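Q: Here is how the chains run, residue by residue.
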Amino acid sequence: MFNSKNFLFFIAVFIETIFNANGDLFNEELFIKPLPPAHLYTYFQFTTLVNDNLSSEHTYLAPRSLVEVLTRFQVDELHFTLTEGQWRHNHWGYPVLDAAPGAELYAWFSSDVENVDTQWKKLSSTLAGLFCASLNFIEDFNTITPQMALQPTGAIPQNPNITSQLRYASLPREIVCTENLTPWKKLLPCESSRGLSALLNSRMIHNTNYHSIGVHTRKVCSSSDCSVVSLEIKQTVALVYDSKIIRTTDWSFTKLFGQGLPGGCPLASSSKVYVDITTNDTQPFLLSPEPEKVLLSQRGGSETKLALYTIKPENKMTTIGAKYISKKDLVLMKLPPLYFNRYVLGYGKEFGGIVTELTNTFWSSIDVVVLQNAPWWLPIQLSSLRINGEASSEMVLARHYSPGRSRQKPYHLELLLRLPPKSATKITIDFEFVFLKWQEYPPDANHGFYVGSAIITANLPTARNYTSLPGTASLFESSINASKPWYPAVFRTNGVMVSLPTPDFSMPYNVICLACTVVALAFGPLHNICTKELVLKVVGSSVTLKQKIINLFKKKKE
Amino acid sequence: MGSENNISNADESNRMWASASFVGVLIIIGMPLWWKTTEVYRVSLPYEKISSFKPLSHFVTTELKVLANDDATASKIVSEIQKAFAESDIIKIKIEKTVMSERQQHILRSVVDMEKAVEELASTLDLDQENIFHVVQKKSLSHNIWVGNERIMFFDDEKASETIVKALDGWIYQTSVLRGSRSDTPDQARSTRFPPESAYHITLSIVHPRPDTMKVVWNAAEAVEDYIGSFVDELSSLHNFTLKSQWLHLLDFDFQAREVKEVSEWGRHFAVRQDRLSLLLTRLEERAATHVSELSTINLALYIVPCDKAPIIIYDNEGRKNPLSIQAFMSPKWGGVVIASPPAEQCSQQVREFEPSVGQIMGAFVSHLRELLGITKKDAIEGAHLEPSRSVSPRRWEVDALLRIRTLEQVTSAERTLQSLAQLLEEISNIVINDEVGASIAAAVSELEAGAGEGAGADAARAGRAHAHAQRAFTHPGLLALLYFPDDQKYAIYIPLFLPIMFPVVLSLRILLLWFMGKPVHKEKTD
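Chains as they are written, first to last, in my numbering: chain A, 8 to 565; chain B, 16 to 542.
Isolated chain A (complex conformation) (with noise of 0.2 angstroms):
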C-alpha cells in the first residue's frame, strides 16, 4: 500500500515550506462542504510532521505529551477518534475520515513489542488520562485484533505478522464533552489562542448534528529509500451543521463557530481553506470575501470545484461566509458507489439478530471486507450467518471468524465479500441474549446496550463523493487532481442498541428484606413454643401495678 515515490513529492513540497531549523512542520487546513440540503460539512486538519533525526524526547511543535506516550509503548500507529452522531453515507457521501460513534482506538505496536497485550492495556490507560475518556474501560473483552479490514497507512516495515501488532477496540457509549476538547487542544502548537483552532468554540461544536474529533498518528517516510522515517501527528475535527439547529442555510464563520478567524497560526508553513462550489451549480450561493483561487479537481472521473483561502498569521478578523441566492430547486443526491445500513432483528429476550445491508450502486463489482465485532454477552454464531438469506453464497472470498469466550473474549468476523454491480447484500446473523451478573450492568441498564460499529473497508473504483487524502499524503491539498485505480476506504456502519434482560436491581435488597421479615415472624412464636410454658392464671389473683395499667388501657379501648 506505501508508495514512497509518490511521497517524495511530497517531501519536495515540504522542503520549499521549511522555514525554521528545528525541521518540524506544521499546516493547518480547513475543509467546508455543503451538504444539501440541509447540512454543512466542516474538517480542520491539523498535521505536524516530526523531524525524528534527534531523539523522542526533545520537541518542538509536536506535543510532547503525545510523542512520549508513543515512545513509551512503542507505538508505530495509532488513531483514536471520539465521535457523537451518525455519519449518513447514503445522503452525506464520504468524510474525509470516517469515525465510529463513541470511542474508538486501535494501534499498531513495533515488532519489538512481545506482550501486544499488557502494552495495549497500558496505553489505552494513559490515553484515558491524557484526553479524558473513558478508554480505562478496554479491556481484553472488548479488544480484537483485525485480520483483514485495518492495515497500517504508514510507513511499517514489511512484516508478515503485522496483523499480531495491531489491537482494536470501540466504546460505543462513550460520550464526547468539552473535557476531551481541551486536552485535545492543548496537542496543537498554537492551542487555541490562534490559528483555525481558534474556531473550534466548545459551546458551537458541541451544537452539530455529528461531530468527532481525532488524533492519528504514523510513521512516514523522510527518505526516498524510506531508511529514515519520521513521525506525522494528525488531528482532526469533523463537523456537520444542521441548518435547522443554526437556523438558516447561509452560514458564515461567525454563525458556525461563533466568532471570526484571529489570523493564522504563526508557527504553520500554511493555514488554508476550501470551500467545496461544486454544489453552486444547482444551489447557487455567494461566498464573501472572493476566494483567491478556484481550483478544479479531477479525481477519478468527478470533479470538484474547490474555493481556496489562503490565511496569513498577520491577518486581522476573518470570516468567510456563504450566502444562498435561491433555495426552490430540490436537490437530487447522486448517491455513492457504496452504502450501509445496519439494524437489530427479532423480538422477545431470547434470541436476535444483526442485519448489515451493503449497496453497491456501481456498475462493477466493489470488494469490500466487513468486519463485526460483537460483545461476549452477545454471542454470534457462525453457523447462523446468511448472505441474501442462504448459507453459502459465491460472494464470499475469504472467511475469518474468532468465537468469543464469556467475559474475556469478543465475537469477531471478518467477510471479504465482492459485491455484484448494482445490488444490494444483506449479512444476517443471530445471536442469543445472555445473562449478566448483576454488577456487569452499566448505571442505566435500562437505557439499553450498545453493540459497537461494523468496519467496512473497501476499495472503490470511483471517487464519487470521496473525499479522503492518497494514502501517503499527509494534507489535504494533496488530495486534489490525485486520480488513482482505486481509492480505499475504511467506514463505519451505525452501532445499533440491543436490550438485555435487564432485572430490578432494587429486587436483591427487597428480597432479603422481605424473607428475613418472614423468617423473623416464623421465628418469634416458634422460639415462644419452643422455650415458654403456658401457665393458667388463678382468677381473683392478686392484680400486679403492671397488669392494672394494662387492664387501663384496655378499658379505654372498649
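Quick caveat, the hints were computed from the structure, so don't treat them as lab data. All of these numbers come straight from a predicted model, not from anything done at the bench. No residue lacks a Cβ here, since even glycine has one placed at the ideal position from N, Cα and C. It is possible that part of the hints are untrue.
Claimed, not checked - With a straight-line cut-off of 25 angstroms between C-alpha atoms, the simulated BS3-like cross-links for lysine-lysine are:
(1) B:K51 / A:K544
(2) B:K230 / A:K319
(3) A:K323 / B:K324
(4) A:K262 / A:K323
(5) A:K444 / B:K324
Said to hold, decoys possible - Computed footprint of chain B on chain A; a stretch qualifies when at least three of its residues, placed anywhere within it, have a C-beta under 8 angstroms from a C-beta of chain B:
(6) 67 to 73
(7) 194 to 201
(8) 239 to 250
(9) 525 to 531
Knowing the structure of chain A, use the given hints to seat chain B on it.
A: Positioned in the frame of chain A, the structure of chain B alone reads:
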C-alpha cells in the same frame, strides 16, 4: 405431686436446652459467621516490628584520613575532630591518622598550584573511594584551610584545627542538613529538594509567547544534553535521569509589571513583584504536560519575554531590585524558571532574532538543580577557602554528602511510612491489605531490619530498596478498594434478619443463666 414436679422439671430442662440451642446457633455460630463473611481482607503484618522502629535513632558512618607532616600535628587535629563529633548522634566518623611519606611531603612543598597539588597527590592517595575524606597538611597556605573539588582538604598547621572542624561540620558532613533529613519536620533544605526517588525526569520548557514577532535561536536538545547532562552524570549513583525538552508557543502570561524609567538603552524596565511569579507556574503547568511522565518531573522553564514587555526585572517583596544580571527564580519541589529578555538592539530591528546566552541560562538552571536535588549552598567560614566550581558538575565530596543525606532520609522516611500505614490500618477498618501490599511491607521491614544492625550506619542501597518498597505499599491503589464501602452497608444485609431474631434470644439469656446457676427461674410462680 412428686411426679408432676418431675414432669415440670423435665419440661423446664427441655425448654432451657431449647433456649440454649437457639443461643448456640445464633450467637455462637451465627454472629462469628457474620463477622467473618463481611471482614475486610488483610494479610497479617509485622505490626510489632513496625512499632519498634525508631526513626530518630539512625545515623550515618563515614571515614576520615588525617595526613600531617609529623605525628604531633596529626594527633592534635584528630583529637580536635574527635572531640567535636563525639557527641554527635547523627554521624560517626572513623578517623585514621598518618604521617605523610617523604614523597607526598615533597609534592606538597614543591607544587604551589592547589589543583595541581591535588592531581599529583592523587597518585599516592586513593581519592576515588566514596565516603572517605582526606585532611592533608600543606604548609604556607593563604588561608587556614583550602577545599577543592576532590575529596581532600588542605590545612596549614595545627592552629587551623578549629576551622577544620567548622568546615567538616558545615560543608563536608553538613550535620544540620543531616539532622533535618531525619527529623519529624522538614528543614529548609528538605522542603526545597525533591523527595527521594530512584529516577527523575528533567524537562526544559522553552516558553515563547510571541513566535510571530521574534525568532528565538536556541538548540534546546544540545543545551540540555551538554549542561544538565554533564551535571546529572555525576549523580548517576543516586538517581537515573531522563532529559527532555519542549517548546511551548503562544503561552502568554501577564506579569502585571510596572514600568520604571531608567537611563539605559531601553530607557525603561518592567518591575515584576516576586509574589506574582508563582502564578506563572500555574500557567506553565497547564501546558507543560508533566503528568504524562511516570516519574516525578523536575521542571525547568525558560521564558522569553516579548520585546514590548522587555526587559523584565524581578523585585523582591521588600521592593529591592534583583542585583544579578539574570532574572531567575526557583520553586521548591517544582523546578526553576529563567526569564530571558532580548537585548534592546535586537528589538529595534526589523527582523528580530534573539539568541539567549546558553552558558548563563544553563548555569542558572544548574544552580537551581543543585538545590532541587539536595546540594545545599555553602556558607562562608572565616579562614576557610572554598575553591569555586569551574565546571557544572558537582564537587566529589558534595555527592558523598548527598548520598549520606539521601540514605538517612530514605531510611527514616521508610520507617515513618510504615508506621503511619500501621496507624491508618488501626484507625480505618475498611483498608484492604492484599498479598502484593503485604509482600511489599514485609520486604521493606526485612530490608530495614537487615540495615539496622548495631553500630553500622545506614546502607545506601538497602535504604533505597526499603524506601521504594514502603512507598509502593503506601501508595498501592488496592488499599482503597473498599474505602468507600461504608459500615452500614455491611450491616444492611444481616440486620433485617438478626435484629428481630436476636430480641427474644437475648432476652432468654437471663433466665437461661439463672437456670444454669441452679437458682429458681420463676419466683412469683413458686409460691
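Q: Taking each numbered hint in turn, which are not upheld by the structure, reported in ascending numerical order?
A: 1, 5 and 8
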